[in-house]
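Q: Listed here are the chains, written in short residue letters.
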Amino acid sequence: MEIKILGSGCPNCKRLEALAHEVADELGIEATFTKVTDPAEIMAYDILSTPALVIDETVVSSGRVPRKDEIAGWLEAIEHTE
Amino acid sequence: MTVLSYLVTLLQTGMGSLAAYLAAHVLLCLLPAFFIAGALSALIPKEAITRYLGRDAPKWISYSAAALGGFVLAVCSCTIMPLFASIYSKGAGLGPAITFLFVGPAINILAISFTGVQIGMDIALARILLSIVFGVGIGLIVAWLYRKQDAAREQASDSSAAFRAKAHVPVQTWIFFGLLLGVLIAGTLQIGLLTQSYTTFALPGSWAPRLQAWLDGIVPPNPSLGIEGVSVQGVLLIGLLVLIGVTAWLGLNKIYDGFTPWTYASLGLITLTLIVASFKVSAVDGGLLVGLTGKLVAEVVLLAAVWWGAARFFDEYERQEWLWEMWRFVKQIVPLLVVGVFAAGMARSIVPATWIQAIAGRNTLWANLAGVLFGVFMYFPTLVEVPIAQTFLSLGMHRGPLLAYLLADPELSLQSILITNSVIGKGKTAVYVLLVTVFSTLSGLLFGAWVNGTNAWLIVGLVVAGIAVLVAGSAWINRRSTRRAASAEAV
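If you read the sequences in order, they're chains S and R.
When we follow my numbering, the leftmost residue of the first sequence carries the number 6, and every step to the right adds one.
When we follow my numbering, the leftmost residue of the second sequence carries the number 331, and every step to the right adds one.
Read the hints as simulated data drawn from the structure, not as lab findings.
Hints may contain errors.
[Stated by the list, open to error] Here are the simulated DSSO-like cross-link-like pairs (lysine-lysine), alpha carbons at most 27 Å apart as the crow flies:
no., chain 1, residue 1, chain 2, residue 2
1, S, 19, R, 496
2, R, 376, S, 73
3, R, 496, S, 73
4, S, 40, R, 610
5, S, 73, R, 584
Computed from a predicted model, the values in this text were never measured in an experiment.
Please work from the sequences and hints to get the whole structure.
A: Below you can see the structure in the form of structure tokens.
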């Protein structure tokens with residue numbers, strides 16, 4: 006699974022990254038983490054504001070830091086389809 | 331020796347200006363405003379507004395959303411540029427995007443309340459009203475000038491799915507905002523019901539007048555330059571602010587790990603500060619005279635309701651989000667604001683009042699244009715435009731050019747022009763900058779004329795006529811574009 010965090014290093018982007026790491030560890034999901042900081046690359050995704058969370062090239066949230074159980078839900082749902 | 335005394339005067343005016351900003355009435359405005367900003371940012375999903383900005387939305391809805399959206403979306407003028415860039419590149423119409431860019435910096439809660447308390451409600455209201463009217467106007471004009479190009483852009487790309495996301499804001503969140511706004515309004519509204527003391531009592535103590543005399547020695551009040559001194563109450567408030575700073579640093583920086591005793595300590599101290607600031611205290615012979623004001627009662631009731639609502643309406647995660655966003659804004663804005671206030675205060679004793687009066691002492695076309703140009707070429711961090719404007723005011727600037735400056739400063743700076751340029755291109759940016767210059771100057775002139783007391787109805791008439799022309803223009807554009815779409819379908 007590939008998890009991307011989109012954002013130009015704002016405090017909330019760092020929090021989202023830490024949170025995603027934490028949830029993946031708790032669920033025992035193997036994932037690669039990528040931080041996307043290049044504005045052009047960020048705008049290629051269908052989002053209006055950062056931070057955004059992208060799992061396997063699907064935007065699951067943007068413009069906010071989601072709750073841990075939300076992140077867990079997305080990770081598990083995508084894990085099942087794989 | 332003269333150099334030394336000059337430096338002392340400089341420091342004193344800087345400190346005087348800083349002290350005035352830490353005074354009771356400013357705290358009653360700024361503390362709640364930061365909590366509201368944090369709540370808007372944390373508790374209202376951006377989708378609640380952005381869904382109306384896509385080009386599928388009817389014109390009148392997308393322009394209204396763009397004009398009012400700044401209040402919810404951009405709680406600080408520092409977040410306008412990135413949002414503008416993303417809504418435009420994701421396919422919002424050029425017009426609404428431009429309207430959002432223009433109105434946003436003027437309409438956010440921090441700017442409005444800060445301007446209102448420090449410079450006057452007249453300027454704050456004029457800043458909101460004129461920026462909405464002219465923001466929609468500039469959006470419509472730019473959209474009309476580039477209608478062909480924008481239509482081509484529209485066909486080249488699908489309207490982004492990003493605009494289709496919807497969001498629901500529960501009723502209790504609105505109630506909560508009502509309570510927070512109540513705290514802000516009760517503390518700042520200057521009406522007798524709130525400001526007068528219903529009972530007064532005296533605290534004996536001969537230290538009070540001596541302390542006051544000592545404070546007046548360090549920071550001499552200078553009414554001619556608009557410098558208030560520091561009061562005994564002010565010293566107490568500054569002490570409380572230092573304690574808030576320390577406890578908030580310990581309790582809010584890691585709010586996501588949970589609420590700690592430090593968190594509760596800082597929230598308690600903030601509540602206490604608002605309550606202390608609501609008393610009317612004056613140092614008299616033999617002690618302190620303490621007045622229980624109407625706003626004290628209102629603040630106590632409303633603050634209790636706010637904390638009750640925070641505990642009742644939201645879960646722990648939402649409370650953490652709220653406090654974190656609030657704290658993030660404070661950390662981002664307050665340090666620069668303190669430096670800005672100090673520097674703007676010192677400028678009062680450096681800049682000769684005769685210069686300001688010669689350039690912008692009267693409400694002329696050139697004075698208003700000068701205000702706008704100063705705003706464009708000087709870049710000040712968020713909210714620092716307010717102490718700068720206050721310095722100008724105390725040096726004798728007319729309120730008309732002052733409004734022109736206040737409108738232009740957060741809108742246009744060399745930096746924001748460069749970013750706008752990279753988003754929408756050279757030609758459109760040039761037109762935008764020109765229009766902002768013209769309309770800000772015009773706003774200043776109209777407001778200045780109103781301040782001078784001439785023909786209030788004529789000004790209202792002019793503005794209404796202007797709105798009518800704009801509405802008619804937009805209806806015309808709308809009809810043309812639907813007709814074109816219809817004929818395209820027929821083909």
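Q: Against this structure, judge whether each hint is valid.
A: Cross-check of the supplied hints:
1. S:19 x R:496: holds (26 Å)
2. R:376 x S:73: Holds. Residue 376 (chain R) to residue 73 (chain S) sits at ~20 Å (cutoff 27 Å).
3. R:496 x S:73: holds (21 Å)
4. S:40 x R:610: violated (53 Å)
5. S:73 x R:584: Holds. Residue 73 (chain S) to residue 584 (chain R) sits at ~16 Å (cutoff 27 Å).
In terms of the numbered hints stated before, the structure departs from hint 4 and from no other.
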